[in-house]
Amino acid sequence: MSSTSPLRNRLPYVAPRVAQAALERARLTVVPRRRTRAPRVPFVTFVSVILLGGVVGLLMFNTSMQQASFRETALRNQATDLGAQQEALEMELQELNDPAHVAAAAEKLGMVMPSTGAGVLHLGSGRISGDPQPATGEDRLPLEQPGPQRPASLDPPPVKQKVKPATDGVPATVQ
Amino acid sequence: MKIGFVLIAMVLSVFAARLVQLQGVDPRSYAKMAAAEGQRVVDLPATRGEILDRNGEPMADTVDGRMIVADPKVTAPVAPELATILSDRLGVDYIETLRRLRVEGEGGRFQYIARQVPASKAEKVVADIQEKFKDDKDRPFAGLATERDPLRVYPNHTVAANLVGFLGENGKKGEDAAIVGLAGLEDSFNTYLSGKDGEARYEVGAGNQIPLGDNTVTPAVDGKDLTLTIDRDLQFYTQRVLQQTVQKSGGKSGMALIQDTKTGELLALADYPTYDASDPRSYPEELYKSSALTDVYEPGSVEKALTISSLVDAGLAFKEQRFKVPGKLHRQDRPIGDYWDHGTLKLTLAGILAKSSNVGTVLAADQFKPGQLRRYLTRFGLGSRTGVGLNGETRGILPQGAAWTSQVGDRIAFGQSLSVNAVQMISAINTIANGGVRVAPSLVKGEARTDDGTAVGTDVATSRRVISADAARETMLMMERVVEPSPIGVAPGAQVPGYRVAGKTGTAQRVGENGGYDGSLTVSFAGFAPADAPRFTIYVVVHSPRAGSGGGSVAGPAFAKLMSHALRRYGVAPTGAQPNQTPVAW
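If you read the sequences in order, they're chains A and B. Residue numbering for the first sequence follows my numbering, starting at 1 and increasing by one per position. Residue numbering for the second sequence follows my numbering, starting at 1 and increasing by one per position.
Calculated directly from the structure, the hints in this document are not laboratory data. Be aware that a few hints might be false.
[Unchecked claim] Listed next, the stretches of chain B that the computed footprint assigns to chain A, with coverage defined by at least 3 CB atoms under 8 Å from CB atoms of chain A:
no., region
1, 53-67
2, 118-124
3, 148-158
4, 236-248
5, 488-500
Note that the Cβ used here is the ideal one computed from N, Cα and C, for glycine as well.
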C-alpha cells in the first residue's frame with residue numbers, strides 16, 4: 001500500500017486523462033481473505049481410529065505372540081518329556097532284548113537250547129538231510145556268568161565262636 | 001547461549017578423554033572385558049555313535065542324560081538335607097555329595113553332583129528340590145541345575161563286553177576333564193565314535209540375547225556308528241558254552257572264536273572270565289580286555305596242521321606218505337616224545353596228524369629247507385598283529401635268526417617254542433579252510449578309523465595266497481581223520497552229526513607266571529565245517545584245565561556245540577558227502 005501511493009499521487013500531473021482512466025480500471029485491489037472452515041470431526045475420528053486400531057492391533061499381536069511363545073515352551077517341554085520317555089522305554093526294551101534275559105525267559109517257559117543234531121528240510125524235494133534228533137534239556141548251559149568276586153579284604157571268613165552248652169537249662173548267650 | 005556452548009564443549013572433552021583412554025592406552029584388555037561381560041558361550045555336545053552288531057542290534061547306545069551341578073554358595077546352608085535327598089534318589093555317595101555341596105573358594109561355584117543320569121529322572125529330582133527349597137520370595141531354589149550329558153548304556157551287559165569296552169572319566173581335572181573310552185572298541189575308536197562338540201556364542205544384555213548381536217553357532221558333528229561283524233546272539237551262546245567248558249574242565253580261563261571262512265569276519269569272540277560293561281567297577285581291571293588278542297600262549301598241536309599243509313604245498317610230503325615213527329626221537333638237547341607211549345609205529349602223514357604225533361611231525365618237518373617253515377608261518381600270519389582294531393594286541397613270538405635253532409625249529413613244528421594270540425591262530429587255520437587263501441580277520445563291518453589313524457574293517461581286509469588250493473584240500477582230508485574215534489583219530493567229541501568236520505586238537509605245555517613251563521596245559525581245538533565246503537572256522541582254547549584233560553576231550557565237544565549251533569543258525573545244509581577214508585597206518 002505504501003509503494004503505490006506515491007504513484008497515484010503523481011498520476012494527475014503526469015498522465016493524460018485517458019491513460020488515467022485505464023489506470024483507474026487496472027488498479028489492483030486487495031481481495032479480502034476467504035476464511036474456509038474444514039470440518040474437523042471426520043479427521044479426528046480417522047486419526048483416532050487409526051491410533052486406536054494400531055494400539056489394539058499391536059496389543060493383540062503382542063498377546064498372540066506371547067501366547068504362541070507360551071504354547072511353544074509348553075510343547076517344547078512336552079517334546080522333551082516325551083523324548084525322555086521314549087528313550088526310557090527304548091532302554092527298557094533293550095534290556096528285555098538282552099540275550100541272557102530272553103534265554104532265561106524261554107527256559108522258564110520250558111524251552112531248551114538244542115545241542116543235538118539238526119536236520120535240514122529241503123522245500124523243493126521234501127528231502128531231509130542231516131541227522132535231526134529231538135532236543136533234550138540235558139547239558140543245560142549256564143545262562144549267567146558268575147558275579148564279580150570280592151577282594152579277600154572285603155570278604156573275610158566267617159567268625160566262628162564256640163558256645164558252651166547251657167548246663168542249668170538257661171540258654172547260653174554270646175556276649 | 002555462550003554458557004550452553006561451553007558446557008557442551010566440556011562434556012565432549014570428557015568423552016574425548018575417555019575415548020583416548022579406552023582406545024589409546026590399552027584397547028585389548030577393555031575389548032576382552034566387554035566381550036566377557038556380554039558374551040555367552042554354550043557347549044553343544046556331540047552325540048556319541050552307537051556300537052552295533054552285524055544285524056544292527058545295539059551293543060553300546062547313547063541316551064539323553066543329564067548332569068546335575070550345584071552352586072555351593074547357595075547349597076551350603078541346606079547341604080545335609082540336599083545330600084540326603086540326592087543320595088536317596090540318585091544313589092550318589094552321601095559324604096562326597098555333602099562335601100561338594102559345601103565346597104568353598106575358587107571354582108567353588110560349580111560342582112558336579114551326578115553325571116550321566118537319565119534325563120527324566122534328573123529333571124524330576126531337580127524340579128522337586130527347586131520346589132521344596134523355595135526362598136522367602138517364593139522363587140525356586142537356585143542351587144541345583146541340570147545340563148545335558150549323554151548317557152552310555154550297554155544293554156547286553158556281559159555279552160561282548162570284552163570287545164565293546166566302556167566309557168569313563170579320563171581322570172583329568174578342570175577344562176580337560178572328559179568322558180572317554182577306557183577299554184575295548186570304545187577306547188580304540190574313541191575319536192571316530194565321539195564326533196566333535198560344537199558351541200554357540202551369542203551376546204546378551206540384561207539376561208536376554210541381543211537380536212542383532214554377534215551370534216555364531218558351530219554345530220556339533222555327531223560321532224559315527226560302528227558296526228561290528230559280531231553276531232550278538234551267537235556271541236551270547238559262545239560265551240555260555242565257553243563258560244560251561246571252562247567250569248566243567250576245572251580250567252582257569254578260556255577263549256572261543258567263530259570266523260566266517262570266506263570273509264574272515266569274526267562272528268563271535270568270547271573270553272572267559274569277562275566283565276559286565278554296564279558295571280565294570282565291580283570287576284578287576286585285568287578283565288578289561290580281550291585275552292584272545294592281548295595274551296600269548298603256545299598253540300601246541302593245532303599248529304601241526306600249518307606245518308603239514310606247508311610241507312604238502314612245498315611238495316615235500318603227501319597225505320599217504322609212509323613214516324616209521326619211533327616212541328622217542330633223540331635230538332640235540334632232549335628227547336622228543338609223544339603224549340602216549342608207543343613203540344615204533346607205521347603211520348602215514350595223515351596218521352601223524354590224526355594221532356597228533358610230535359615225533360612223526362618232526363620227522364616230516366626235517367624235509368624243510370632252513371627258513372622255509374618260518375616263511376610259511378609268517379605268511380599264515382603268525383608273528384604279526386592281525387590289526388582288527390582293538391588296542392593292546394600282541395604280535396606273538398615267532399623266533400627268528402639265531403633264535404631259530406634246530407631244536408627250536410623241531411619244537412615249533414609241533415607247536416611249542418612259539419607264541420600266538422587266538423585271532424592269529426584261527427585266521428591261520430581258516431586259511432586251510434578257505435582253500436589256501438588267508439583273509440585278514442575283521443571285527444568291524446565296512447570301514448572305520450582307529451584313533452591311531454589306521455583304517456580297519458571288512459572293506460579294507462586284505463587276502464593273500466599262502467598255500468595252493470590242492471595243498472589246502474589235502475590238509476583238510478587229513479584233518480578230517482582227526483575227529484574219527486580211536487584208533488584212527490583223537491577227537492570224536494568234535495563231530496557234528498550229519499556234517500563233515502575237519503579239525504585239529506592241541507594240548508600244549510603252558511608257560512606259567514615264572515616264565516617257564518609250570519606243568520599246566522593249554523588245550524584247544526580248531527576246525528571247520530562242512531569240511532568239503534567250509535562255512536565257519538571255530539577255535540576253542542582252555543587254559544589250565546585239570547590234569548588229564550586234552551584238546552579232544554575238553555575243547556572238542558565245545559567246538560561241536562558251537563559249530564552245530566552256528567550251522568543251524570545260519571541255515572547251512574549238510575553237503576551229503578561221506579567223510580574220506582585216507583589210511584592213517586600202513
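| request: If any of the earlier hints don't hold here, list their numbers in rising order. | output: The structure conflicts with no hint, since it agrees with every one listed earlier.
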